[in-house]
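Q: Each chain, written out:
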Amino acid sequence: MESALEHELIVREGDNIVSPLGLDTAATLRAVVAGESALRRYEGLWDLPEPFVASLLDFGAIDRALSARYGAERLAGYSEFERLSILSAACALDEAGIDPSSERVLFFLSTTKGNVALLETDNRYREEVLPDWSARRIASFFRNPNPAVVVSNACTSGLCAQIAAMRALWSGRCDRAVVIGADRQSRFIVSGFQSFKALSPEACRPFDRNRTGLNLGEAAATVIYARRRREEVTPQMWIACRGAIRNDANHISGPSRTGEGCYRALQAVLQGVDPGELAVVNVHGTATLYNDEMESIALDRAGLTGVPVNALKGYFGHTMGAAGVLESVLTMHALDEGLVLGTRGYAECGVSHPQSLTSRHVPTTRRAFVKMLSGFGGCNAALLFKRGGEIC
Amino acid sequence: MEELVLELKNAIIEALNLEEVKPEDIDPDAPLFGDGLGLDSIDALELIVLMEKRYGIKLQDPAAGREIFRSLRTMADYIAAHRTK
Amino acid sequence: MLTIRRWVRITPTGAVIDGRPVHLEPTEDPLLVALYRQRVGSYPKFFKMDPLCRAGFIASELLIGEEPSRFTPRGDRAVVLFTHSGSFASDSHYERTICDRAEYYPSPAVFVYTLANILTGEIAIRNRYFGETSCYLLDRRETSVLAATTREAFLDEETHSVLCGWVDSPDPDCFEAVLFLVEESDEGPEWIDDNICKVMNDK
Numbered sequence: 069m070e071s072a073l074e075h076e077l078i079v080r081e082g083d084n085i086v087s088p089l090g091l092d093t094a095a096t097l098r099a100v101v102a103g104e105s106a107l108r109r110y111e112g113l114w115d116l117p118e119p120f121v122a123s124l125l126d127f128g129a130i131d132r133a134l135s136a137r138y139g140a141e142r143l144a145g146y147s148e149f150e151r152l153s154i155l156s157a158a159c160a161l162d163e164a165g166i167d168p169s170s171e172r173v174l175f176f177l178s179t180t181k182g183n184v185a186l187l188e189t190d191n192r193y194r195e196e197v198l199p200d201w202s203a204r205r206i207a208s209f210f211r212n213p214n215p216a217v218v219v220s221n222a223c224t225s226g227l228c229a230q231i232a233a234m235r236a237l238w239s240g241r242c243d244r245a246v247v248i249g250a251d252r253q254s255r256f257i258v259s260g261f262q263s264f265k266a267l268s269p270e271a272c273r274p275f276d277r278n279r280t281g282l283n284l285g286e287a288a289a290t291v292i293y294a295r296r297r298r299e300e301v302t303p304q305m306w307i308a309c310r311g312a313i314r315n316d317a318n319h320i321s322g323p324s325r326t327g328e329g330c331y332r333a334l335q336a337v338l339q340g341v342d343p344g345e346l347a348v349v350n351v352h353g354t355a356t357l358y359n360d361e362m363e364s365i366a367l368d369r370a371g372l373t374g375v376p377v378n379a380l381k382g383y384f385g386h387t388m389g390a391a392g393v394l395e396s397v398l399t400m401h402a403l404d405e406g407l408v409l410g411t412r413g414y415a416e417c418g419v420s421h422p423q424s425l426t427s428r429h430v431p432t433t434r435r436a437f438v439k440m441l442s443g444f445g446g447c448n449a450a451l452l453f454k455r456g457g458e459i460c
Numbered sequence: 738m739e740e741l742v743l744e745l746k747n748a749i750i751e752a753l754n755l756e757e758v759k760p761e762d763i764d765p766d767a768p769l770f771g772d773g774l775g776l777d778s779i780d781a782l783e784l785i786v787l788m789e790k791r792y793g794i795k796l797q798d799p800a801a802g803r804e805i806f807r808s809l810r811t812m813a814d815y816i817a818a819h820r821t822k
Numbered sequence: 011m012l013t014i015r016r017w018v019r020i021t022p023t024g025a026v027i028d029g030r031p032v033h034l035e036p037t038e039d040p041l042l043v044a045l046y047r048q049r050v051g052s053y054p055k056f057f058k059m060d061p062l063c064r065a066g067f068i069a070s071e072l073l074i075g076e077e078p079s080r081f082t083p084r085g086d087r088a089v090v091l092f093t094h095s096g097s098f099a100s101d102s103h104y105e106r107t108i109c110d111r112a113e114y115y116p117s118p119a120v121f122v123y124t125l126a127n128i129l130t131g132e133i134a135i136r137n138r139y140f141g142e143t144s145c146y147l148l149d150r151r152e153t154s155v156l157a158a159t160t161r162e163a164f165l166d167e168e169t170h171s172v173l174c175g176w177v178d179s180p181d182p183d184c185f186e187a188v189l190f191l192v193e194e195s196d197e198g199p200e201w202i203d204d205n206i207c208k209v210m211n212d213k
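Protein chains in written order, with my numbering: chain A, 69 to 460; chain B, 738 to 822; chain C, 11 to 213.
Incorrect hints may appear among the rest.
If you want a taste of the chain B side facing chain A, the calculated C-beta under 7 Å gives, among others [claimed, not checked]:
hint : residue
1    : Asn754
2    : Leu776
3    : Pro799
Calculated pairs, DSS-like style, for lysine-lysine (alpha carbon to alpha carbon, straight line, at most 30 Å) [claimed, not checked]:
hint : chain 1 : residue 1 : chain 2 : residue 2
4    : C       : Lys208    : A       : Lys265
5    : C       : Lys208    : B       : Lys795
6    : B       : Lys822    : B       : Lys759
Since the hints were derived computationally from the structure, they do not count as laboratory data. Only a predicted model underlies this, so the values are computations on that prediction, with no experimental measurement involved. Here a beta-carbon is modelled for each residue, glycine too, at the ideal position from N, C-alpha and C.
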C-alpha cells in the first residue's frame, strides 16, 4: 500500500454539479461568477409554521433532463432524491467516459438524510427510507454489481466519501470510484435546524460580523476518481492528494471552542505543504456564530492566517451531504478559470482570528487548495487538492 | 409557586432524560447549567421546547434563555408571569 | 499483521466478550440499561442516547472498559462503524414530534440523533479520541466491505488502532452490536473475512 501511495495519484476523471443555479458544473460556475444566489425566502412551504430562507431545486427541470436522457419510464419508481443523484452521476460518467457496470468501479454515496421525506406519508420501518437502499438503487441503475457504500458523517460526508474513495483506489480495491453527494430539503430537515435555532432569516453571511445563521440548500454533485501513475499525470489534471478526518471529542452538536478536530485535520493534510502554494482554503463557513468562529481558530492554529479563505454557502446554502463534493468541484473549476471565488454575504470580519476574506472574486495563478468541513457528531474533515503532479 | 417548582422539576427530568436524578436532588436556587445537572446546549434548546409545549411560551431568541434558565426558580417565576396555558 | 485484539457482541439475548458471556445480576432493567448500570455507570449521558447509540456505546464500553490509561486523550485510534438501519429509530421518533400540525414541537434532542454518525461521536467524546470517526451505511451486512474499509483506515498515518464493527438498532427492542478492536500485532486472530464472519455470525 505504501508504494501505491508514493507512485500512484488519485486523479479526477469527471465531475458534475446539479444545483438550483444550473443543471451542470459550467452553468453553476457561470452563475456563481456572475454573483447570483439561489437563496429565496419561503413562507408556508411544507406547512412549516415559520418562514425560512433556502436554495431549492426545480424538480421539473431535473425530470426533463432525465427524460431526455433515459425516457420517463426508466425513472419510474425512483424517489426525487434518487433521480437527483442519478442525473448528477450520469453527467459525470459521460465526462469520464467510463463503464459504470464494471466490477472494478465502486459507488460511494454521501448523504445525510436521503429519502427521509418519505416518512411524512408513512412513518413505519421499510427499506426504501434507508439511505443505503437508495445507494443500491442508484448503483444498480448504472448496472454496477458492487455493494454501494453510504458515507454518513453528517455535514462532513462529502469529504469523507472522497477520502474513502481515495483509500479504496490506493488499496487496489477498485480502479475507479464514483462519489455522489446529494441531499433534498424537507419539512423534516428544516424543522430540525429551526429547533436548533440555527437558520438565518436572511441570506447567510459567512464569517461576517452580522451573521445570524445558516441557510439550507439542495443539490447533487459527483466526482469520479481514478488511480494514475505519477508520470501519467498531466498539468491539467486535478489530484486529490491527502485527506483527514478528525473528531473534536467534545460535544455531539456544538463545535469545539479550540477548533481541535478541525485543526488536527488541517495539520494532517498540510504536512510538507508551503501555505504560500495554496490558492485558497475553502472553509465550511455555514455562517452560524459558532462554526465560523471555530474555523477561524483552527485556521490560525494551523498557520494558515494570511492564506485566502472563501465560503460558498451564500450562493446555494448548506447543501449537507452534497456540500463536500459540490464545493470541492466548484473550487477546482474556478481555479481552472484562475479565480478564487468571493464569499457572497461577507462584508466585515466577525471572527476572533481575522482571515483573508472578500466578497469579490480574486484572480490567482496558484493551483492547490484545501477544502474543510465540520459537522454534528464532532467530526471534521480536510482534503488537499492540487492541479498537476509535483507536490502531493 | 412551590407546586409549580415541583411540577417543573418533574417536567425537566422527563424532558431531558435525567434518569438518575430525583426531584429532591434539584436545588431550585442552584444554577441549572454548569456542574450540577450536567446540562448542555441541546438541553437549553429542549427547555425552550418545554416552555412552549407545556406553558405556551414562545422564546424566539435563545440568548434570552440564559436569564430565564439561570435556576429552576427563575424559570418558574418566568413561567408564572408569562404562561398562556 | 492486523489482528482482532478483542471483540464484543451484544444482541437482545446477552453480551459476549471474546466468546465469553457477560454475567449480569438478575434485574428488571432492559439488557442495555442493565449492562450500563452493572458494567459502566456514572455516565448519565447514556440515558439521553437513542437506541443506536446506546447499543454502540455499551458495546464500546465492554470492548475497551478495562484498557490501561483509558481516558488519556489520544489521536491514534479511529472509530469506524457500519450500520444498515442507521438513525431510523430516531428519524421515526423525530417525525412524530412534527407530523401533527396542532402538536408541532420539533425536538432538538431527538433531531441530533437523526444523524447516524453521532454513534461514533459519542464513543470519541466518552474516550477523548481525537482521531478519525467514520460511519458507513450498508444495504446488507457485507463483511468484506467492513474488513477492507477498516484495513484502509490504517492508510491514515496517525491511525494505529481501529475500533470498528457493525451496530444496528431499527427500534429500541431490536439491536445488534458487534465491535472489534483491530491493531497491528502478532497476537489474536488475523483481521480477515473468515475470522470476522465467525464472530459476526456466531449464534
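Q: State for each hint whether it applies.
A: Right, here's what the structure says about each hint:
no.	hint	in the structure
1	Asn754	violated (14 Å)
2	Leu776	violated (12 Å)
3	Pro799	holds (5 Å)
4	Lys208(C) with Lys265(A)	violated (47 Å)
5	Lys208(C) with Lys795(B)	violated (55 Å)
6	Lys822(B) with Lys759(B)	holds (26 Å)
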